[in-house]
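Participant: Required output: the full structure, derived from the provided sequences and hints.
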Amino acid sequence: MTGKTVLKQISLAFLSNFSNIAPGMAIGFSAVAIPALRQLTTAQISWFASIASLATPLGCLCSGPIADRFGRRNAIRAVNVCALIGWLIIGAAFYSPAQQYGLLLAGRFVTGVAAGLCGSPASVYMAEVASVELRSVFTTWVSLFYAIGIFIVYLLGLIFKDDWGSIALIAAVFPLIGLLFLQLFIPESPPWLVTKQRFEEARTSMCRLHGTRTYTEDVQLEMETLLNNRRVKKEKTQQKTLPQQFVKKLKMLTRPNFLRPYRLVLAYFFFQQFTGIFAIMYYAIDIVKGAQVALDPHVAIVAIALVRLAGMVLISFLSTRLGRRTLGLASGVGIALSMLALGSYIVLLKRGLMAQPLPLVPLALLVFYFFITTIGFYPLPFALASEVYPKNIRGTAAGISTASTFVFNFVVVKLYPTMVAALGDFGVFYFYGGMGVVGTLFVLVCMPETKGRTLEEIQAYFVPPGAEPPEAK
Numbered sequence: 000m001t002g003k004t005v006l007k008q009i010s011l012a013f014l015s016n017f018s019n020i021a022p023g024m025a026i027g028f029s030a031v032a033i034p035a036l037r038q039l040t041t042a043q044i045s046w047f048a049s050i051a052s053l054a055t056p057l058g059c060l061c062s063g064p065i066a067d068r069f070g071r072r073n074a075i076r077a078v079n080v081c082a083l084i085g086w087l088i089i090g091a092a093f094y095s096p097a098q099q100y101g102l103l104l105a106g107r108f109v110t111g112v113a114a115g116l117c118g119s120p121a122s123v124y125m126a127e128v129a130s131v132e133l134r135s136v137f138t139t140w141v142s143l144f145y146a147i148g149i150f151i152v153y154l155l156g157l158i159f160k161d162d163w164g165s166i167a168l169i170a171a172v173f174p175l176i177g178l179l180f181l182q183l184f185i186p187e188s189p190p191w192l193v194t195k196q197r198f199e200e201a202r203t204s205m206c207r208l209h210g211t212r213t214y215t216e217d218v219q220l221e222m223e224t225l226l227n228n229r230r231v232k233k234e235k236t237q238q239k240t241l242p243q244q245f246v247k248k249l250k251m252l253t254r255p256n257f258l259r260p261y262r263l264v265l266a267y268f269f270f271q272q273f274t275g276i277f278a279i280m281y282y283a284i285d286i287v288k289g290a291q292v293a294l295d296p297h298v299a300i301v302a303i304a305l306v307r308l309a310g311m312v313l314i315s316f317l318s319t320r321l322g323r324r325t326l327g328l329a330s331g332v333g334i335a336l337s338m339l340a341l342g343s344y345i346v347l348l349k350r351g352l353m354a355q356p357l358p359l360v361p362l363a364l365l366v367f368y369f370f371i372t373t374i375g376f377y378p379l380p381f382a383l384a385s386e387v388y389p390k391n392i393r394g395t396a397a398g399i400s401t402a403s404t405f406v407f408n409f410v411v412v413k414l415y416p417t418m419v420a421a422l423g424d425f426g427v428f429y430f431y432g433g434m435g436v437v438g439t440l441f442v443l444v445c446m447p448e449t450k451g452r453t454l455e456e457i458q459a460y461f462v463p464p465g466a467e468p469p470e471a472k
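Using numbering that gives the first Met the number 0, the first residue of the sequence shown is number 0, and each one after it goes up by one.
Be aware that one or more of the hints could be misleading.
[Stated by the list, open to error] The calculated lysine-lysine pairs, modelled on DSBU-like cross-linking and capped at a C-alpha distance of 30 Å, are:
no., residue 1, residue 2
1, K413, K160
2, K288, K413
3, K7, K450
4, K250, K288
5, K195, K247
6, K413, K349
7, K160, K288
8, K250, K195
9, K195, K7
Just so you know, the hints here were simulated from the structure itself, not pulled from any lab data. These numbers were taken from a predicted model, which means no experiment stands behind them.
Facilitator: Set out below in structure tokens:
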């Protein structure tokens, strides 16, 4: 693989994942906006924070059929359009006090749909166009660009404070840039084009991916490999409506060779959510205040987001060296230790068992927690969902998998204020730490290593010898 090819793949990974920044900003937006929404009740705040998560599964369920029927590029385009509309609605809410709460919920719902739409297209796209050597790097970039979005919105919160309307309008610029990148620089996925029997377009796209305008020997070899690894036949689904195609593919997920990987991915997403990763992001400022961190809460969450971003960059390289199983184990242990320690610190503080507060301790624990989640439990379930499913339904299956995690996400975020009221903040941290222990055992016992394997080898792990994935009909 030449340096030119590597540079081309890195550029494509950046451009295709850029569209995930605006949905990532939606994840962090509630943390910076909630302190300014003083007129809302606790119940209204919980709906404001969680309604995006309620909407996200809708986007996830649509993203797969859109990606499989209309192509990976059009699925990414849908992300940008939806994010643009959602952020403009939120921006309008700031200037419409009488209708503010309703517009906020509507805007959060639409940005939640965008977050769901972006969950799989870019990772599936890079899983299909990247080389085996670089695939494990690029399939984690969905989470990396989420982290960039969260960092940007936290930074804007530090700059604009209560002016969340300006933050929303700035966020609306990112999908416009994403649409421009998509139009000018991103070719369609050759594997998807082959499934549609659009062979000439697949060859052209493969040439662009290799940074050449001619049908070179390397391009020819990859095309032959692609065709040999895929049984191509005319798809009747092209004549069906989008809902009909989705129903057909949904039925396919009742078969064992789809249920096996889905159960594994679902369990990993469960532990991702119930170790508190997203809940703490959504209520970051309130949590920092409750832990009595010795910094302006806005500064503290920007520092935390910066560490998360550094962790996401680090995992892009560590995943090719240490493997995802090793990183998952390290992440689970770190989550358990940091959350149990934070819970214990708050207990000691509230019961007066400390001579004096140590305000840097909770900050250090939160920074460590966010760092350790970004090298394992946060990005790896998304990456796994882009790898384990057969090619003919990969987009749909990855979308359904991502939808599942945001169902869990809605439950965790919506119930966070209730859990704090019932268990205390220390009890919530103990709960997250306990789930970290169980999640670590899950990775130890159940998680296969995918580092260095082709997509076909990964899928063969779940399919008995001689069996083959059912095809869309």
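Participant: State the violated hints by number, sorted upward, taking the hints as numbered earlier in the document.
Facilitator: The structure breaks only hint 4.
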